[in-house]
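Chemist: Reconstruct the complex from the two isolated chains, following the hints.
Each protein sequence line maps, in turn, to chains B and X. Residues 1037 to 1250 in the working numbering are what the first sequence lists, from first letter to last. Residues 20 to 420 in the working numbering are what the second sequence lists, from first letter to last.
To be clear, the hints were calculated from the coordinates, so they are not data collected in a lab. No residue lacks a Cβ here, since even glycine has one placed at the ideal position from N, Cα and C. Treat the hints with care, since some could be wrong.
[Unchecked claim] Here are a few chain B residues that face chain X, going by a calculated C-beta distance under 8 Å:
| # | residue |
| --- | --- |
| 1 | I1093 |
| 2 | Q1144 |
| 3 | I1247 |
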Amino acid sequence: MKITLNQFIPKPLAETHNAISAVWKQDNLYLNAADVNLIISESGKGKSSLISSIYGIRKDYHGAILIDGHNITSFSATDWSDIRQKQLSIVFQSLKLFPEISAWDNVQSKNQLQNHKSDSEVEQLFTGLGMMDYAKQIAGSLSFGQQQRIAIIRALCQPFSVILLDEPFSHLDEENAKTAWNLIREESQQQNAQIIITGLSNTNFIKPDQILNI
Amino acid sequence: MKSTTILNKLIRKNQKKSILLLATIGMFIGYFILFISLQLYFDMGAMLHRDKDLFQKDFLVINKKISLLNTVKFVKTGFSNKEITQLRNQDFVQEIGLITSNKFKVGAYTDGNDEIPPFYAEMFFESVPDDYLDVSSKDWQWDSLSPFIPIVLPRDYLKLYNFGFAQSQNLPQISEEIAGKALADFIIEGNGHKARMKGKIVGFTDRINSILVPETFMNWANSHFGRADKSKQSSRLVMICKDPTSPELIRFLNDHNYETNTQQTKGSRLNTLLQIILGMVSMIGVLIIILALVVFVVSFKLMIARAHDTIDKLLLLGYHYLSLSKRYILLYSFLISLVFILNISGLLLAKNYINLLFNEIGYSLTDSLNLWVIVMSISLSIVLILLNSLSIIKQFKKQAS
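Looking at chain X on its own, in the form it has when it is part of the complex (with noise of 0.2 Å):
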């Protein structure tokens, strides 16, 4: 019979097997909850940062939130440029285009005809930087020779009409193209001037709710019948933003009172509500880690305990504390690295069911397991090895003194 074979007789008959099982598995449980929802962060982040990057191209429009103050005009809605810049210099800000506003009077008309009665609407035009349009047409150009004013509409509104206010009264629904087709007369009246102008839709943008004209045709026209009276102050903002998911900008416009399109910054929400769950979900497995930790030192303590007359009486042979407390190491070591490969199967087998359910409603998540997820449970494994070994060395070395 080998040493070996000879000393693990000696110190096995005071193990507590049912002790070492439960805190094994209680390790497993921490591990796999820790790790689950380490996974799941880093899954959703990327979930919520490709989506941003498909459909919400960064662009946020900000505006004051409207309260009672502001309808008595004790507080102004415009931005001031202490406000503009206190932005600009926010982390999670890029650019910031200003929106402009007509100062002058502006309405939709027509001459009539046997389908359509004559008609007149006041109307109101704005106008953003072009770097903030998602618009390329070749028309989206004015000079005083342009033959129409290019109008950009929220596609919105086209949607509005056609599956609002067509279906209900029996009229034709119009497409991108048909609509870009037609031309508007509109006049255009202020400063002691007055001129008809034609209009015609040359694209349609779903990022920002408004009609918008270009900047060149809004200078002139507000130079030549704006209202010298009239605020010069943005009341809305065009930001481009470095990351929408950010909770710093959600914070920020909260303290400020700003608004914002609450369906571009559901990223933001989503992620800190995440952060927040996940977190504590992490905490409880951090928690129960620490619990199994404790659980295996203590039992390892006391089977060290149990077998200190064996152990005297091996020292007494010439046994090295360290090649009998190896025996001990090694047994932690093992159950512990258990867990480890436990803990990852455990994740690959979750990580491919919940991938199921998301795909089952059209998410996909990434198909590995986060490589941090693993480099992280293979250094929590190596410290919770290093703690253990340290403590049942220490013990030994107290007795073979």
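So here's chain B without its partners, still in its complex pose (with noise of 0.2 Å):
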């Protein structure tokens, strides 16, 4: 999966300021062009924005997000299911957990679309990330970095060509971001799969491909 921005920029940013960046504005700039793609800004400077609309959610921007070619406007409802089930992972900076279910419960949400894992590699996830205690806790009920856990190992439960990390670790302390960083590590290489990953700056461990400057 190739995934292009050209002359992109977020409607909200384009109109308040004359932002000038790696990201903005570019001529057919390739997202994923490294395994690792690292998108670094301040706070509220469109890095959530960028990910949403690369997603699908978001549309209020200037220019064209292109995925393996094609103008992801021109994409159906049942393109986007496909695309979402099969192609393209994310974590969202909000989570988008249901917080009325277990931790387990919101995994096998995503992972029995496709029964990319067995329960017995569902609980290894919930094991390497310490989370195998809270399985059956109501999400709601659990802290926000509990919950960001639960939200990366539900990412990690699908077949992808990418994935989305939206600041995935802002409430994880570095041991626990460590892990949770091997870990998607490690199923991206499984699924020959690029990372593309929002965050304030660069740290220690993500030793990314290709750095973008919002």
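Modeler: Pasting the structure below:
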């Protein structure tokens, strides 16, 4: 999967000031050109807008987003369902978990779409991130950091060519963040997929192949 | 835990069970009212038609109503050729026969003996084409060599004599056979001729309320004894009707001030009355069904709106809006199917009970539900499922795009 931005800029940014960056208003910017692509900016500079736009949620931007050469505005509901199930995974900054069901059910709500992982494989992910004891707890009752780990496990429970990570470690201590990152790297390598990750700054464990500053 | 169960758990919390239950009950009531009235309509129709075949034989005798104008002879009671043609052209008419009256003087008499004093009574004869008469006696033939005039009397006359007159006067009751054995004497006169003839009762009819003689005799007697100045118009007609329960027949007769034996058109009046009553009851059923449908559509819209955030997240996970809407459609289809099954069971129970009631008063209705009632309730269920399903899919599609 090849994600390209062409003269892309979120509308709110274009209207407030004349934004110049390595990402905005570029011709045919290949976002996932490397295995690990890090997008860095301060808060409020449009990282989440970019991720949401690529995932087809936000439509308020100038320019175009192309997936494998096709403008994403031409995708139907069926196309999006197919892409989100099989090609494009995501960890939202706002997580978007279902607070009323258990952590385990949250993960299975994704996993069972494609039956990507067996129960024991899911258990390994829970154990790896120290969440097995909380698996049966209602997601809404967990701390934000715990919920973040559930959202990461959920994102790994599907086939994907690209995984979008929007500040995925914001509420994790470094050790947990490292563990989580390793799991993500491992799964991506297994699936031969690329990572697009946003953050406030570079961290010592991510080691990106491409860095784009907004 | 299977994904279906997870999804149901997510979606079920937004269900308004009490409203859905009320809408289901309302829908069932609407169904039941509509289809029980349809079933009754079919049952009654079948019963009226069966009775008509058994007793009424589709024969009606028609005459004009007698009013003051007729009495003072401003308006003729005879049917003109134009009026007969108009009647003949009506859809409900199969054939029309004219009833011919005598245009001569006829009287019955006895010479008298020890028991019966001599008497003379003026009478009348009428005739109809043989096809219209329910008498098949071999004696119902007449030619100038016949020893007697065959006569057919209304069966009611014999009843009137046997149960009215004979009992009160201590006279013997007479069976149809005995009545047929007696010969009566008649004097026929007119046009300067006079003849004494014998008459014999050869049969009784339920169909035409008159003293009938064969048409051959009537034609001969009218030409021989008849007065030329008498009107040739028939004042009574006998009609073979395609469907005496047809409401148009009654309307036509009323519009033209014609009269017929009301007993014979009771089927028609009953049919019209039933159509009106059952039509009104069906309308109430339809109205309740529409209201229940509106409640269903609105409560599903509300349920989906309440689940807006959940549905949004599920769409983001990659669920297709059709597979999500399917869950609501399945729930709705289940409720409508439940209504359908309850309705058919209710109809069977009610029909059983109604059949018992009718049996007690001597009528039998069909045992099973009418095929049309079943076909129509299946069709209605399909239409209702389609209507709300389309509304549900539309709402999901809007949210997905």
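Chemist: Now tell me, hint by hint, if it's right for this structure.
Modeler: Evaluation of the provided hints:
no.: 1; hint: I1093; in the structure: holds, 7 Å
no.: 2; hint: Q1144; in the structure: holds, 6 Å
no.: 3; hint: I1247; in the structure: violated, 27 Å
Against the hints set out earlier in the document, a violation occurs for number 3 only.
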